[in-house]
Structure formats: structure tokens, C-alpha cells
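Undergrad: Respectively, the protein sequence lines represent chains A and B. According to the numbering used here, the first sequence is numbered sequentially starting from 10. According to the numbering used here, the second sequence is numbered sequentially starting from 10.
Please note that a few of the clues may not be correct.
Under 7 Å between C-beta atoms, here's a sample of chain A residues computed to sit facing chain B [as the list claims (entries may be wrong)]: (1) P63; (2) A112; (3) R137; (4) A141; (5) T165; (6) S168; (7) S176; (8) W179; (9) F184; (10) G254; (11) G256; (12) R275; (13) A302; (14) E304; (15) L333; (16) P337.
Far from chain A, some chain B residues (derived; all Cβ distances over 10 Å) [said to hold, decoys possible]: (17) G96; (18) S176; (19) A222; (20) R264; (21) T276; (22) E283; (23) L333; (24) H335.
I should point out that these hints are in silico values taken from the structure, not numbers from a laboratory. Where is the CB? At the ideal position from N, CA and C, for every residue including glycine.
2 protein chains.
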Amino acid sequence: MPEALSSRERMRRACLGERVDRPPVWLMRQAGRYLPEYREIRQRVGFLELCRDPDLAAEVSLQPHRRFGVDAVVIFSDILLPLAGLGLALDFRPGPIVENPIAGPADLARLEGSVAEAIAPTCEAIRRAKRALGPDVPVLGFAGAPWTLAAYASETRLSRDLDRLTSLAWREPAFVERLLERMATIAAETLRAQIEAGADVLQIFDTWAGVLAPSRFRRFAGHALAQTIAALPRERPPLVVYARGAGHLLEDLARLGADVVSIDWRTDLGDAAERVGVRVSLQGNLDPAALGAPEDEIRAEVSRMLDLGRKARGHVANLGHGVLQHTPIDGVRAFVEAVQGTARA
Amino acid sequence: MPEALSSRERMRRACLGERVDRPPVWLMRQAGRYLPEYREIRQRVGFLELCRDPDLAAEVSLQPHRRFGVDAVVIFSDILLPLAGLGLALDFRPGPIVENPIAGPADLARLEGSVAEAIAPTCEAIRRAKRALGPDVPVLGFAGAPWTLAAYASETRLSRDLDRLTSLAWREPAFVERLLERMATIAAETLRAQIEAGADVLQIFDTWAGVLAPSRFRRFAGHALAQTIAALPRERPPLVVYARGAGHLLEDLARLGADVVSIDWRTDLGDAAERVGVRVSLQGNLDPAALGAPEDEIRAEVSRMLDLGRKARGHVANLGHGVLQHTPIDGVRAFVEAVQGTARA
């Protein structure tokens, strides 16, 4: 067993497939409504307002680290923040609503303005969180993947299975390709700004890639993801790609140039490790709903997950999707403690 | 090449893996809003009212057969119709809303009343459609799978990824098991009544099974599906099971006792055929959004689908999900003609 590592070093090594003392653990959407200290702030401040206030965004990002000692602090922001700065009228009620979606080629010209400016509060929140945490705890920045950004940008309210964008991709593929190209530059600019602000790890969320068949993924979402990743500096922090409901795209996701593929709860972690081999590390993948189970069951599920994770090149323990709103705090604690080996079991 | 078969015999043989002249073809949700003759009727009659009017339901079921000559007529109804007859206050706006969901064990007693009575209009519509069609065209009846029925029954409006029911399954598994058991009897009664009315093929829709990891599927949705199928008569029409987003459950779906597994557009049909072997036939799986593409592209996609389908024990050509509302009629026609080999290409 190697000596105990700092969370930052543990996270870096797990992402790159180097030796670690134990898997690092954090939770997607770990700063959120299931925490009373978060809800307390949100009583006073709207969601977008909170994203745009560097002090409060840093504070909210740090809350779950204070409570659970997770191995990474994910900065509080939203993947749509850059789009809101580029002239899209974005609101949350509570799901995202875009009043003026990009419906055709002529609308693309409307996407002007500075991405760097739009996400300046997030970058400032990264700096403040890093100052508060010191060098041992990594701060994770993130961006939406081009396909997922295009999904929100092209529709007022998302249809189930993303019917509108997938239909558009059959009917007007050239337009969808141009839209994705624009979204790829936005995603890359978002990540570059966060690298400059000091982000230690990056994650790209392709929440909606899973609706595509593999050949459609390669032509649209995957192509634009690869463009995004290629536009990052050669020397960059470890990069995670998350896609929801994308077990059928795993081999494709592993070939994009990312260091880690984050899989959802539906894909067996052991099978995934066999399928991707040593090409990437894996992140995930406990069912977020499982955190409502009795604690001994959570510990058993974590134990199974860690066993399967050992088959991967490297494993970052996480959920298969974001923490659900009604998750009990003790369930989150049991999850983190079980990974960190401090469970009272 | 065997001699030309009737649609009914072609469908039966494809489902059971016997030799056919060509794959039969029909479309899920083939009677619906993309058809002007359907919209014309719906201007006068609400959705539930239409389901409950045997004359109109039969008429609407026959419309796509008249227009496209599909190989099966699926009866117009809704998987929630039996629940609406058992005291659940169901409305469509346009998605289903249940005002008085089954939230806990005490609510189960509320589910009383006769399933046979609730779906009597559907059974009568089956009889009328069969009289109109004669013996050569099969009529397909259907029911919702227990897990999918439980999803709608237990929540006013479905949450994304079915968070509420999946959480409940971790928190109160005994209640969810009882709920599923009740839903399994409802699904089986629905199918038995349709068999008696003369349905030539049956399909069970497990629209929401795909949110479950394989082990959870086996314990909950799959177990209840197997119960449903076991409760059908030994001598029964061919049975199809459809699950959306369930590529990760394919082997499990093939082991339930159904004759056909209907796969969605995300799963490669050739891979699926290898995975299930000769255990079941496959149905599907063109991307419904592809029907908006130029017709030569639709023909190319159909040709690819039919090639892959030849690897299966039997293949029923279909979409990977229901026809989308804004689908062009010419796209549907191109799809059907391409399968039936009458395309002008």
C-alpha cells in the first residue's frame, strides 16, 4: 500500500491510472438542495444569481467538503451559464427554459459576446475556493458538452429523448453540425478559462449523448466532443467525460482523448472496465437513489462498486448521476465514509 | 424464397423464428397525431374518450393500414386505461397526470374495480377491427408492463429517470414489490381479455425499465414481467416485450418467456441478434427521428436495418420507439415501402 496521499494527488493519480492508496471520492451535484446550509442560502438568492456571485458560489462549493471531507470540490456553477452570457434568455423554473432558442442557421449570429466574461464569476469562485482549501484538495471545473449545450440552446424546454434535436440532425444535418461546432468552441473556451483560474480537474457533461445510436453519436455529439478536447492546451489537468444512459457508447467515449469516462448507474462497472481496458480510468457509478437505502445496504453497494472498480485502470468513486434532491444527508455520509474506509461497520 | 404469405402468417412466423418471405412491418404508435385523419377525429373527441369508444378506436386503428398497408394493426388504446378504471384519476395534458397516486401500502386498497370492464372498449375495438380486416391481417393488443404501470401509478407526473419510484425501491422495497405484484395481475388480466377478444399478437410495453441497472431490473421490473407472462394461457398468441433504453438489459429481457424482444434505436440490431441468439426474435429498430430524413436516406437506413435483422432468429421491422408527432407521412410511407420491397428506388 502506498503512503497516504493528499486528495489532490490521489485524484490526479486515479484519473491517470497511477497507483493510489484508495480511490478518491466525490459526488456529482454534491453542492445542492439536499443540504440545509445550501437551502438556507437559496432562500435569499436565486439559482442564476448564486452562480454569478463568486463569494457565494465558492461558499456553496465548499459546504459538502466541510461536511463530508470529499476528495474533490466541484465548483458551483451551471453548464448553461456561458450560453446565458451569449444572448440566450435563460431561466430556471426549476428546469432550464430558453425563451429564444436557436432554431435555424440565421439564429447562430445571435450567439455573440464573451464566454470568458460570462463565466468570470465561476473562475473567480475557483480562485477563492482554492485559496480557502490550500494545495491539498483539488477543485474541479466543468462545462457542458457541445451536444448537450445544443440540446438546451435549440429548444425552449427539452422534449423527452430530445426528439427535436435528433429530428433536426436527420433533417438539417449541416445546420446541426454548425451549431455543434459553435458549441464546441464555447465548451473549450469555458474549460480553458477554468484551467487558467486553477482548476485541478475538468469534467465535461454530455447529459444527452445517450439518446443517440453509436453511428449518430460519432457523427454529431462525439465529433464535437473530440473537437472540444483537441482545443484544450496540451498540458492540461486530468479530464473526465460524463455521459448519461450511454452504456452503448462506452468504447466511443473512451476514444475521445479524455483521461476518465464517468459512467452512469446502469452500466456494470466491471464490464465497463473490461470494455475500455487501459485506455481510460472510470468514474462512478452508484445509483443515486441508493443513498436513500439503509446504511448497511449503502455500505454493501459501495463495497461491490469498489471491488469492480479495481478492474479499471483507475477508479474515481462517485455516483452514476447527480445527488437527488431528497437524498438523506446520512446516506451521503455513509457513501463517502464507506469509500474512505472510515465506516463504523 | 417461400411463397407470399398473408400478413398474419408472416407476423406469426417472424415472431416464432420460422421462415418468411420478407420481414413483416408495422410501426409503434402508428395511429396518431402525424395522420390528418386522426387529428380530424381528435378535434371532436378527447384522448380518453377516443380510447373508450369502440367504433372510433377501431376506426383510428385501421387508418394507418388503409394508408400504408402495414402488416399489423395495433389497436388504439393506452397502457393506462386499466388503471383509470381502477380508481386512479387519470388525465392527459397531454402527458399523463394521476391526481391520486399510490404513495404507500394503504393506497393499494384503492385499486379496486374490474380490469375487464375498464378495457372492454379496447376488446370490442379489437373485435370490430378484426371483422373489418378479415383473417389475413393480424390485430395487435398490448398492455403496460408492471414496472411502467407502477411508475405512472405512484407519481402525479413522472420525474426524469423515474427518481421517485427508483428511490422508493431502495427505501421501501417490500411496498414496491407489492405494488408490482398488483400491477402484474392488472397487466395479465388486460392481455387475457385481449386474447379472448381475438388479438393475434400481444406486446408488453416496459417504457421505463431502462432506468434500472441489471440487478435492480431482475429484482423488480423483470421479476414482475416474468410473473405477468407466466399468468397468460399456455396457448397464447406470439408475445413481444418492448423496453426503451434497455440495451443493458437485453439478455435479461430475452429470458422472460416472450417470443420477441423489441429493441430501441440505440442498440445495434446485429449486436443484439448475437447477444440473444435463437432464444427470441427481435423487433425494431429504426430511429423514429430518421423518418424526417430525405427518402433515399430512409431507404438506406431500412436496408441497413434489414441486413442486420437477418442475423436474428426472426425479425419484425419496426421503429425503435413510437412515431413522433411531427413525422412526415411520406417518411412513414417510404419506411413501409422499403421494407415491403415496393420502393421506387
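Undergrad: Could you work out which earlier hints the structure fails to respect and list their numbers in ascending sequence?
TA: 1, 2, 3, 4, 5, 6, 9, 14, 16, 18, 19, 21, 23, 24
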